[in-house]
Amino acid sequence: MSDKLTSKQLSKKITDEYMEDAFHAHDNNKLVGYTTAISPVEIFVAHDIVPIYPENHAVANLTAKKGVELCSVVEGMGYTSHLCAYARSDLGYRKTGVTVTRGIPDPDLFLACNAQCFTLTKWFQVLARRGDLPVFVFDTPEHILDQKARKEIVKYCVLQLKELISFLEKVTKRKFDYDRLKEVMKYSAASSILYKKFLDMAQYKPSPISIFDALIGMAIAVYRRGTQECVDYYQTLCDEIQAKVDQGIGVLPKDQEKYRLYWENLPVWFKFSDHAKLLGSYGGVILTSLYVHAWSFDFDLNKDPLETLAENYVNRFSNSTIEDRADMAMELFKKYSMNGMIMFMNRSCKAVSFAVPTLKDVLTKRTGIPALVFESDMGDQRFYAESQVRTRIEAYFETLDRLGLAQKTAAA
Amino acid sequence: MWESLNLKDVVALARDPYPSIRQWARDTGKKVVGSTIADVPEEVIYAFDLLPVTILGTHKPLKKAPSHLPDNACSLARSNLELALSYEGDLFSGFVLPQVCDTTQHLSDIWRINFPDKFVVSYLAPRQADRPSARYWVKEEIERLIESLSAWTGKAVNDDALRRSIEIHNETRRLLAELYDIKRKNPGTITNKQLFSMMKLSLQVDKAEFNKSLRSIKEGIKPKKGKGYTDVVLVGITCDPPEIFDIFDELKLNIVGDTLVDGTRYLQGAPALNGNLIDALADRHFKRGFFSPIHDNVYKNFEEVKKLYKETKAKAVVYVHIEFCESQEYDLPDLKDMIKKEGIPMHVLDTEYQTTSLSHVLTRAQAFFESLKGGSL
Ligand code: SF4
Ligand code: SF4
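Same order as they appear, the protein sequences are chains A and B.
If you read the first sequence in our numbering, its first letter stands for residue 4, the second for the next number, and so on.
If you read the second sequence in our numbering, its first letter stands for residue 250, the second for the next number, and so on.
FYI, nobody ran anything at the bench for these hints, they're computed from the structure.
Some hints could be false.
To be verified - Derived lysine-lysine pairs resembling DSSO-like cross-links, with alpha carbons at most 30 Å apart:
id	chain 1	residue 1	chain 2	residue 2
1	B	312	A	363
2	A	151	B	367
3	A	158	B	404
4	A	68	A	363
5	B	388	A	173
6	B	312	A	368
7	B	404	A	154
8	B	309	A	363
9	A	176	B	549
10	B	279	A	151
11	A	154	B	536
12	A	154	B	388
13	B	589	A	98
14	A	98	B	549
15	B	313	A	368
16	B	536	A	158
17	B	367	B	467
18	A	151	B	312
19	B	536	A	165
20	A	173	B	549
21	A	98	B	467
22	A	151	B	280
23	A	158	B	549
To be verified - To spell it out: a stretch of chain A is covered by chain B in this simulated footprint if at least three of its residues, at any positions, have a beta carbon under 8 Å from a beta carbon of chain B; those stretches are:
id	region
24	75-84
25	115-128
26	349-358
27	384-395
Model, not experiment: these values are computed from the prediction.
Ideal Cβ positions, reconstructed from N, Cα and C, are used throughout, including at glycine.
Pulled out of the complex, with its shape left as it was, chain A reads as follows:
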């Protein structure tokens, strides 16, 4: 028997060690930096600042259906019910201490990167006020279509990364080590390639992974990129999935995989496994979304690290124009041979959702495939209407069947 850990065991080990490190950061003379899931965390890692992502902690609580309890508390504090459920549940956790995990350590500083959303900047400002802590806003202007402007945007972002480094040097009273950054970048580049390889395994028929596997598998890329263990984790994961592919094992058996679906937006966290089962019963498997691809970076190690960081963080899907998002999604449609799409209008996330109606129009036109659009909230169950969603899903598959869109390989 090999004593090599499975990806699941490895993920747990990495996460446990990371949280231990985070909770004991001060004992080890390290600071805890709260940051956004899409942010140049490589700079934190290179400077020995432990990155903490309040979003991840929020996901754990929302998945465990703590959304209503935590959000209600915050509404009592004067925050409205249509703010992002991550922010609301986090502020609720601060107030009540309620969490399904051991919680997260308090921050010493903040890095808010707008490439994901502006909400996080505002949310971090709320948290920072409680302890009068410093916030660095890494402002990433939208990655607009004009090529010349893009070059200028990258320059502006490089300038800001230099400011970020000075900011960290000032806060920590330690000199930043550019050689260390280069090393961190190597790990980030390597793990990104493997992470993308993992996501792209959804190309196989039947697909060995669904988006639900991708959502679980993305966690380490979000909070441990820039480390050797992150690279090891994705290598292990890719090996495991490849073994499934070699044996022809799919999420659904080959003859039952009728619909290979695209998902737009974040998941409805508290309906995560229900949705997988429900769709599976119709022969549907959701393969991917732009969201999970947000962490497949394409770092160029031949470039100045700050430049390749700036380029990669400004061009994330969440900071791209709707036209570019459509192109990105189209590429996935082709690569993964998808034949259906579920477009989730997530009340929580304006940054992603306000593109959805337009994106849906463009994608349905370009693919000729109808879309299922539904509105709900990723974490607040009060905005989720179970029977309505079920009926819509059922009707959607009926439509796809009627249009003869099921895969040819499917059983009759």
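Knowing the structure of chain A, use the given hints to seat chain B with the ligands on it.
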């Protein structure tokens, strides 16, 4: 067309300036360029002999916008989009769209996709204002705007044209500030509605012409102190519909200071004319009060409100909250707390574009100011 307006005309036009802009564009053959609020340097657009028009919502019903932006999108963004999609789109030859928040970022995309044949550029003002890179970026963006406008119009803009444009804009700002001052001290002379209608209209019509009206309005004024007014400070981004100012007038509130983007913030930081003009325009971005809630957090907002409250010796603060403006909503609970702790009476007014009935606004404001007079707050 806008050279000899009296206060009554201004109020009427501010409510719906578009027919007159349409007529003006026909008469002069000039092109109209629309923007939404927040920091687009209109002086640059004007220097190209184009008419910059700040779009501030429509009061006509929503028809098309809801299918692009859901109902939890800020009502200003939806209203602006509606104006362009359903009502006035053909009037504009182009748009320069600023991006400040998640909503405006998408708004610009949706707008561009819906007007494929028009000139549409994004103006990407920085969402941080304290570091040197912010200044660098504002200048870059102004230069990019100039390049885009040159490419579109086929014209270059020289320093003289830009200087002339800045002069005209500075004159508007100066006249409005003087009128504000008269109103501040003599609330019986100019109503809140009249003052803010002048502000609004100046963001929408040709300033060279409108300055003449402002000048003659100013000269014709006979200051009247008036009686029974309560001085207040207005805080927020913008305040709409204009009938809200009627409510203020009815309650005899005298707005003596504000932080609105289409109020005092618009009047601040007149660019200097004696040096590099692009630098001067970039400076203006930082000389103005910060754009709450985008440029900084609640502390600065609070300090500014406190200062204004003390300087003007106002009796209360009225905060205008635009329904579904997330950026405001993250700040508001703490801002309220800070203001309360300071002992400053504060009334939060929720506004929504396309609102038809304001009776609840009136009732709530009435209750607040009555209790203020009774000293129970
Ligand atoms: S869910 Fe959307 S709004 Fe919330 S933090 Fe993430 S990107 Fe921002
Ligand atoms: S009012 Fe608020 S949400 Fe609306 S565009 Fe302005 S900052 Fe954005």
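Status of each hint after checking the structure:
Of the supplied pair hints, the one linking residue 312/B and residue 363/A holds, its CA atoms being roughly 19 Å apart against a limit of 30 Å. A distance of roughly 20 Å separates the Cα atoms of residue 151/A and residue 367/B; the hinted pair therefore holds under the 30 Å criterion. Taking the CA atoms of residue 158/A and residue 404/B, the gap is about 28 Å. The hint holds against a cut of 30 Å. A distance of roughly 29 Å separates the Cα atoms of residue 68/A and residue 363/A; the hinted pair therefore holds under the 30 Å criterion.
Of the supplied pair hints, the one linking residue 388/B and residue 173/A holds, its CA atoms being roughly 27 Å apart against a limit of 30 Å. The straight-line distance between the Cα atoms of residue 312/B and residue 368/A is roughly 23 Å, inside the 30 Å bound, and the hint therefore holds. Proposed proximity of residue 404/B and residue 154/A is supported: the alpha carbons are some 24 Å apart, at most 30 Å. Distance restraint check for residue 309/B and residue 363/A: the Cα-Cα separation of roughly 27 Å lies within the 30 Å cut-off, and the hinted pair is therefore satisfied.
The hinted pair formed by residue 176/A and residue 549/B meets the criterion: a straight-line CA distance of about 27 Å does not exceed 30 Å. Only pairs whose Cα atoms come within 30 Å are accepted, and residue 279/B paired with residue 151/A is accepted, the gap being roughly 29 Å. Between residue 154/A and residue 536/B the CA atoms are separated by roughly 28 Å; this keeps the pair inside 30 Å, and the hint holds. In summary, the hint linking residue 154/A to residue 388/B is supported, as the alpha carbons are separated by about 15 Å, within the 30 Å threshold.
Taking the CA atoms of residue 589/B and residue 98/A, the gap is about 21 Å. The hint holds against a cut of 30 Å. Straight-line distance between C-alpha atoms of residue 98/A and residue 549/B comes to about 25 Å, which keeps the hinted pair within the 30 Å bound. Between residue 313/B and residue 368/A the alpha-carbon distance is near 19 Å, which keeps this suggested pair within the 30 Å criterion. Our distance criterion of 30 Å between C-alpha atoms is met by residue 536/B and residue 158/A, whose separation comes to about 24 Å.
Our distance criterion of 30 Å between C-alpha atoms is broken by residue 367/B and residue 467/B, whose separation comes to about 39 Å. Restraint check for residue 151/A and residue 312/B: not satisfied, since their Cα atoms lie roughly 36 Å apart, outside the 30 Å limit. For the proposed pair residue 536/B and residue 165/A, the alpha carbon gap of about 25 Å is at most 30 Å, so the pair holds. Taking the CA atoms of residue 173/A and residue 549/B, the gap is near 22 Å; set against the 30 Å cutoff, the hint holds.
Of the pairs offered as hints, the one joining residue 98/A and residue 467/B is violated, with about 54 Å between alpha carbons and a cut-off of 30 Å exceeded. Distance hint between residue 151/A and residue 280/B is fulfilled; the C-alpha atoms sit about 26 Å from each other, no more than 30 Å. A distance of roughly 29 Å separates the Cα atoms of residue 158/A and residue 549/B; the hinted pair therefore holds under the 30 Å criterion. With 4 residues having a beta carbon nearer than 8 Å to a beta carbon of chain B, the region 75-84 of chain A meets the requirement of three or more and the stated coverage holds.
Here the region 115-128 of chain A counts 8 residues with a CB under 8 Å from a CB of chain B, which clears the bar of 3, and the coverage holds. Given a C-beta distance limit of less than 8 Å, the hint that chain B covers the region 349-358 of chain A holds, as 6 residues qualify and 3 suffice. Note: the region 384-395 of chain A has 0 residues with beta-carbon separation from chain B under 8 Å; the three-residue rule is not met and the coverage is violated.
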